[in-house]
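Sequence order for the protein chains is C and Y.
The first sequence maps to residues 1 to 440 in the numbering used here.
The second sequence maps to residues 1 to 440 in the numbering used here.
Hints in this document: simulated from the structure, not taken from any laboratory.
A hint or two may mislead.
When chains are identical, the list treats them as one kind, so a pair holds in a single copy or across two.
Once the Cα atoms are required to be at most 20 Å apart in a straight line, the calculated EDC-like pairs of lysine to aspartate or glutamate come out as [unchecked claim]: (1) Lys11 <-> Glu22; (2) Lys222 <-> Glu252; (3) Lys294 <-> Asp149; (4) Lys11 <-> Glu54; (5) Lys392 <-> Glu34.
As the structure is a prediction and not an experimental result, all values here were calculated from the model.
2 protein chains.
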Amino acid sequence: MNVSEFRRRGKEMVDYVADYLEGIEGCPIYPNVEPGYLQPLIPTEAPQEPEACEDIINDIEKIIMPGVTHWHSPYFFAYFPMASSYPSMLADMLCGAVGCIGFSWGSASEATLVALLAARTKVTRRLQAASPELSQAAIMEKLVAYFSDQAHSSVERAGLIGGVQMKAIPSDGKFAMRASALQEALEQDKAAGLIPFFVVATLGTTSCCSFDNLLEVGPICKKEDMWLHIDAAYAGSAFICPEFRHLLNGVEFADSFNFNPHKWLLVNFDCSAMWVKKRTDLTGAFKLDPIYLKHSHQDSGLITDYRHWQIPLGRRFRSLKLWFVFRMYGVKGLQAHIRKHVQLAQKFESLVRQDSRFEICAEVTLGLVCFRLKGSNQLNEALLQRINNAKKIHLVPCNLQDKFVLRFAICSRMVESAHVQFAWEHIRELGEDVLRAEKE
Amino acid sequence: MNVSEFRRRGKEMVDYVADYLEGIEGCPIYPNVEPGYLQPLIPTEAPQEPEACEDIINDIEKIIMPGVTHWHSPYFFAYFPMASSYPSMLADMLCGAVGCIGFSWGSASEATLVALLAARTKVTRRLQAASPELSQAAIMEKLVAYFSDQAHSSVERAGLIGGVQMKAIPSDGKFAMRASALQEALEQDKAAGLIPFFVVATLGTTSCCSFDNLLEVGPICKKEDMWLHIDAAYAGSAFICPEFRHLLNGVEFADSFNFNPHKWLLVNFDCSAMWVKKRTDLTGAFKLDPIYLKHSHQDSGLITDYRHWQIPLGRRFRSLKLWFVFRMYGVKGLQAHIRKHVQLAQKFESLVRQDSRFEICAEVTLGLVCFRLKGSNQLNEALLQRINNAKKIHLVPCNLQDKFVLRFAICSRMVESAHVQFAWEHIRELGEDVLRAEKE
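My request is simple: use the sequences and hints to build the entire structure.
Next up, the structure:
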């Protein structure tokens with residue numbers, strides 16, 4: 001969908017929304033369908049080719065609306081009000097477009113926490129089943145979780161929140177968590193009477209998009225009965241391309257997996273997708289059923305109560321965004337988006353390699369290039385400062401084994417080869433200034 | 001803003017969004033303003049009278065956009081991509097309009113958890129400062145938190161997640177938590193060697209909109225050095241009306257306070273507003289600063305890093321919704337909305353009182369009426385079943401001291417006196433059917 005079609009469709013959507021709310025009094029307040037009605041009405045897979053916008057708009061009426069409880073109907077007197085107003089909707093349209101976010105790579109952090117809490121509950125119950133005299137606190141005191149020293153800070157934060165020890169496993173020369181280092185920490189901790197229970201492996205780390213070795217780490221988790229959570233927040237989107245699937249090898253060992261379609265799959269923030277191998281591990285961890293939340297289907301097995309899967313009870317109707325994007329891009333359109341970003345990263349990498357004053361600091365697998373001027377950290381800090389003060393492009397740094405490194409991430413849906421070319425020439429010029437300044 | 005103005009403004013916003021994204025390449029990628037630039041440009045209070053939409057749209061350019069980092073610019077190479085696409089934006093427009101949510105009264109539950117975690121950290125550090133030999137687990141094992149037996153289930157859930165004991169305090173005849181009952185539990189637990197550290201008081205409970213007695217509970221929390229969190233998820237919006245302010249008396253004792261503008265203040269889901277008396281209590285609890293999240297202002301005191309205030313790192317630009325709503329309704333417009341809902345609840349209450357076969361089960365303070373047929377729980381369960389099977393209106397029940405009670409909550413922005421009248425006549429008819437069926 002190009003901008004001119006968006007202008008047209010957006011205005012049609014405004015009218016659709018206005019018509020809907022004008023006519024809501026006439027809507028049956030409560031759906032006349034049974035849970036599960038939707039499944040036969042939608043395909044099991046996203047379309048390969050993009051679909052026409054009309055078809056989707058028509059399906060809203062045919063497929064989606066029959067399943068909706070009309071919370072804004074004047075005949076809705078349940079629960080409490082769910083606020084809605086035209087100004088707020090206007091603001092949300094702008095919010096989606098600006099898409100500037102309070103600090104985040106989105107709620108992969110929430111997924112990690114939920115997985116940790118589920119694992120904490122699971123191991124506690126297992127140990128208490130064996131020795132009922134053990135208190136939860138006595139067990140928690142001994143619990144220990146592991147993550148690569150390259151993992152996102154939200155992983156360590158999950159440990160702080162969950163009240164359990166977390167240990168960083170030193171990554172190897174390619175910034176990956178390997179069996180040997182994990183095994184070593186494990187043996188030490190078991191010898192010290194601790195209880196290893198949780199491992200977070202990252203596919204596509206934030207610093208340099210490195211990949212922990214699932215085929216090595218997975219079997220250890222299985223053998224030691226540790227929960228394996230995979231954080232693929234950024235890289236996960238790339239796995240829709242067959243050529244990147246091999247990076248997923250070992251996923252079969254995972255108890256839970258998360259990636260953020262709102263990063264790289266063209267779905268506006270926020271949208272984080274989590275899978276769990278055994279849902280009862282998750283729902284069992286903190287399930288409560290007050291009468292005002294009970295409903296006739298909760299034991300029917302026909303529906304999934306996602307409120308038991310997450311920290312907040314609330315969620316927006318976010319699947320709608322995925323549904324629109326899958327259909328209007330098709331798998332092929334989404335694959336093309338991923339591949340274009342990877343190619344632009346490779347272009348930037350080759351530009352850097354052509355300049356002997358610069359070095360590439362980590363393997364370029366997807367859309368991130370880690371590079372620096374050969375020389376001191378101070379030199380590279382000065383370069384980054386000049387880049388961000390000039391305000392023509394925006395970069396952030398990372399630390400790779402005590403080296404201060406610049407991250408060049410392909411981000412925008414609109415980024416083209418020319419922008420990457422411009423960025424490189426700009427960086428090289430500022431690099432020359434920095435080197436000159438150093439000599440003086 | 002009426003529906004016809006929304007049609008016009010919505011289409012203008014579509015064009016604004018399209019123009020913005022078409023022209024984004026020309027935007028300075030990075031704002032040329034300093035933190036704090038915004039404060040002098042906006043009033044310290046919401047306007048009393050509604051403002052014109054033009055003024056707000058103009059202020060977007062004048063006030064908001066200069067402070068925006070353009071994440072979708074093709075010159076943005078920082079962090080990772082933040083996905084954005086036209087289809088996704090279309091879907092979000094519909095999502096906002098439908099406003100049907102995965103199960104929730106929104107993330108008041110998150111606020112409660114964050115407060116509990118902060119309190120847990122605070123008490124742990126205090127005790128470890130006094131006796132450094134104490135382990136976190138040894139302390140956590142003894143921690144106990146309190147909430148009214150009328151509190152929302154998310155409160156107890158926060159305890160499960162935070163790994164601490166929670167105790168329900170029996171509420172009084174008006175379903176309020178009082179000093180005597182809290183004091184009693186407190187003495188028992190202290191005698192048993194437990195460490196009371198956290199109390200959740202609710203203003204406007206989910207079941208019957210009762211109010212815990214802050215003026216009694218507050219001083220106890222102060223005396224015992226317990227964190228007091230106030231959950232005003234629903235009722236909080238009403239405090240913009242002076243006539244309801246007295247319900248807040250005692251708020252001065254609170255360490256943290258939360259309400260959900262997305263419930264009753266015309267701001268689309270999700271939008272939950274939390275205050276904390278001492279921000280370092282919150283940020284100190286789980287603050288981590290990896291290099292890729294560092295920025296030049298983080299120690300300047302000029303900005304507030306909300307990523308330290310919440311579980312997910314991510315947040316949408318939700319203040320925009322509040323800003324639009326405050327300006328386009330004005331305080332008076334918002335007050336009128338609250339007052340209209342309260343009046344409609346009073347109308348329904350008086351209709352129920354006129355029928356001697358029914359009874360009112362709790363004081364009607366705001367927009368919720370708890371009522372039932374005089375008689376058995378089975379009778380009222382049958383009534384509710386008929387109501388929800390007829391699907392003309394939608395209600396949910398609650399339990400009030402072992403009585404099965406029907407909740408009639410004024411919800412829709414569009415609900416008028418006629419809808420309430422219709423609902424009552426419908427309920428009364430079905431009530432007659434149920435009574436007749438019982439006699440047969």
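Hint check results:
Taking CA atoms no more than 20 Å apart as the test, Lys11 paired with Glu22 passes in both settings, with 16 Å inside one copy and 17 Å between copies. Proximity of Lys222 and Glu252 under a CA criterion of 20 Å is satisfied intra-copy only: 11 Å inside one chain copy versus 52 Å between copies. Taking the shortest Cα distances, Lys294 and Asp149 sit within 20 Å of each other only across copies (18 Å), while inside one copy they are farther apart (43 Å). For a Cα distance limit of 20 Å, the shortest separation of Lys11 from Glu54 qualifies both inside one copy, at 14 Å, and across copies, at 18 Å.
For the identical chains of this complex, Lys392 and Glu34 are inter-copy neighbours only, at 17 Å across copies versus 55 Å inside a copy, given an alpha-carbon limit of 20 Å.
Every hint from the earlier list agrees with this structure, and none is contradicted.
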